[in-house]
Amino acid sequence: MKLILRFLPILAVWPLLFLLSAPAPAQVPETVCIQCHGAQSGRLGEPVRLWKGSIHAANGISCHGCHGGDPADMAMAMSPERGFLGKPAEEAIPGFCGRCHVGVKEDYLTSAHGRALGRGGPQCVTCHGSHAVRMATPDLINNRDCTRCHDYGRANEIKSAVSETDRRITELEQSLAAMHRIGIATREMSGELFALRNRFHRLFHSVDVEKVRSRTAAFQSELGTIRGRVDAIEEELKRRKLWGGAVVALLVIWGILAWLLHRSYMDDKKAG
Amino acid sequence: MEVSSRRKFLVLSLSTLGALVAGVAAYPLFRYLSPQPTGGEKGRVNIPRAQVGAGQAHFFQFRGHPAVVLQSAPGVFAAFSAICTHLGCIIRWLPENGEFLCPCHAGRFAGDGKVLGGPPPKPLQAIPVALSGDNLLVG
Ligand code: FES
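Residue numbers (numbering that gives the first Met the number 0), protein chains in the order written: chain A, 0 to 271; chain B, 0 to 138.
Worth flagging that the hints you see were computed from the coordinates, not collected in a lab.
Taking lysine-lysine and the DSSO-like style, the derived pairs with C-alpha atoms no more than 27 Å apart in a straight line are:
1) LYS86/A / LYS51/A
2) LYS269/A / LYS7/B
3) LYS7/B / LYS268/A
Chain A extracted, bound-state conformation (with noise of 0.2 Å):
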């Protein structure tokens, strides 16, 4: 009974120690555009709350990382003196976004899409949203959607061709976050992974079927070789759990072992 008190403090941060291994959120510092707009609301108030579910806000891109504008003053936050540039115009969308994203704008730029930009053809924000943006699926590319500018047919060639190779992605990405999660170094194959990951969704962004197909193997071949290291690194994992089972077994048997050594010692002593 004393051992189990000793040791329930350490049973009750147990959890603790889970969240703490957890990736934390990068912290946005609360800016003077959120305050004003965050406390506004209909149209002026709407880019807060949906920038507060998006991949920006989990990576700490606040509102002034886009748009400009000095974020701790409040009388000149919106002067274009600080850089403040505001909403763009519809043809301004991929260089406004391009600032960061630059290989993603350059394919797209020469793509079909990019080419028909300000004669009707999508930016960006067509297919990806603004302000609420998610970190980029084939989901996407979907009926309702592409259908709004041309048929579905060509848009869904693209989207088999690229399905496979993203699930493979995911499912990577999910095994590197569960070992990390157990104090595995990923960082190596976490970075090699985001590469693969952002040249290949540069590759969705050329729409051009042909060019995906021919290129998904090679992709797969780079996949396979860090899913092969993940492999190793899992047959690792449980070949450490089988051999501290043998060695908890045989901790068992030398103590019973240690016992009848000295239960013989000890019936000497009551014979003697």
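Dock chain B with the ligand against chain A, hints included.
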């Protein structure tokens, strides 16, 4: 006699088991403490100097990872891991700007590897490079 041979057997078993457990416990420790193979001489990469013009960068594989060697000024060479320190994308060299750019989130690095802008938290990882005749010895 019977008791003493039983005891001998027990002591022998205890010592054997003890040695076994100690061995199993020591092995991971030994593996953890032993230095990782760096590839030594074999891990080095030889690049003909002529392949890296002044103001130009040359990308290559170094110990299984992308790397870059740069001639930032005539006769001044530097080599780095080509992996962006933000989330791991592969940087590229922009000769017209004299800087590296990461195509994922526009991280920028100077020719000496320092961060110039964007989200990367630290400089590019440097790799030693030495001139040896007409070759650059990286690693
Ligand atoms: S991965 Fe290079 S800037 Fe994000």
